[in-house]
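Asker: Here the structure of chain A is known, so what remains is to put chain B in place on it, guided by the hints.
2 protein chains.
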Amino acid sequence: MSRVTIAPEEDRLNAQIAFAVEIDKLKRIIRRNHLIDGSRRENTAEHSWHVGMLAMVFGEHAPPETDLQRVVAMLLVHDLVEIDAGDTFIYDPVEVAAQAEAERAAADRIFGLLPDDQGKWMRELWEEFEARKTPEARFAKALDRFAPILANHLTEGGTWPLFKVKASQVKEKVRLIQEGSPSLGAYALRLVELSVARGHLAE
Amino acid sequence: MSRVTIAPEEDRLNAQIAFAVEIDKLKRIIRRNHLIDGSRRENTAEHSWHVGMLAMVFGEHAPPETDLQRVVAMLLVHDLVEIDAGDTFIYDPVEVAAQAEAERAAADRIFGLLPDDQGKWMRELWEEFEARKTPEARFAKALDRFAPILANHLTEGGTWPLFKVKASQVKEKVRLIQEGSPSLGAYALRLVELSVARGHLAE
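Quick mapping for you: the protein sequence lines, in order, are chains A and B.
What the first sequence shows, in UniProt numbering, is residues 1 to 203, in sequence order.
What the second sequence shows, in UniProt numbering, is residues 1 to 203, in sequence order.
Next comes chain A alone, as it looks inside the complex (with noise of 0.2 Å):
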């Protein structure tokens, strides 16, 4: 019988380049909402890094005893399940309904290429933005729905004349950011007036 060589450390760095690989494909995942500049829309791997540096730029605006960098690890995480279930336009109910199921799938799936303890951690920052039960979550979520809003506010309306959106809608959103930081909730809840006030966003 042949001598079975087991390169433990070995697997584990396959595993680790192979979901290095996998989540290269985040790249070409494509979002509703459009760079600032109007060029073309955002794929999720950019929003995900516009958002971690969001954490880092307006940290002071989360609650005190926040641990910010959980913060950034949960926003480059966060959307990591489109690469499977594809990108959710948060103002359909019907779209947001379906997607749950196909994100769980895809958590299983992803984080699933990496070693056992490595997955389960990752995935467990995944879960814990979705439940927002956390302030760290609660703020990540706060800047994720920041960050449409400082985009389309900026862009005559960007989506929300496309998606005819309303003000009313768009205030649900601003809810969430209220939630997680006040500050800049109010922020939000202005250039939501402001956007209506200039005629890029309905009543």
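Bear in mind the hints are in silico, worked out from the structure with no lab data behind them.
Treat the numbers as computed from the prediction; the structure is a model and nothing was measured.
Yeah, the Cβ is synthetic: ideal placement off N, Cα and C, and Gly gets one too.
Accuracy of the hints is not assured; some may be wrong.
[Claimed, not checked] Here chain A is said to cover these stretches of chain B; the calculated rule only asks that three of the stretch's residues, wherever they fall, bring their Cβ under 8 Å from a Cβ of chain A:
1. 25-34
2. 65-73
3. 114-125
4. 161-173
Answerer: Just chain B now, kept in the frame of chain A:
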């Protein structure tokens, strides 16, 4: 005389917003290398997300005691100067030399948009990355060099044959990986040798 109303908190938030808007431009800076599926060239914002993720995935390949959260933060900001200075092709020595001054000017302007304390903090992260004197910076640089080698290896050489890059030049970059992470350096060297064996990289 009218009373001057000073609202320093408002000023801080406005500066943070201006920076958040400005950095959106990183999504339009196009790098030499392609996505792993070969479909298009990569932009610097999505690259920054990818290497930030790699810091989380390959953390155990950093020297013990490396502050991985600092590595993630460093990688998110490491290429912001490209908004003004553009991407540098690392295999062009003339381009690399001319770039240093342009990047310093870019850092002055871009980090200068932030409130002073935050601009200083982020600029220090960038300078630490560039200087490669800390384990965090050496590991961050290793990941920044590892990503395109992995992508090129997986795309029949990718930018290597396109820009007539030779194995000896790639091996100089592998040395930077080894300095930040011996195990990732060893892996990258195997990828390079495999690419040579397959005829995707000239000796």
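Asker: Hint numbers the structure violates, sorted upward?
Answerer: 4
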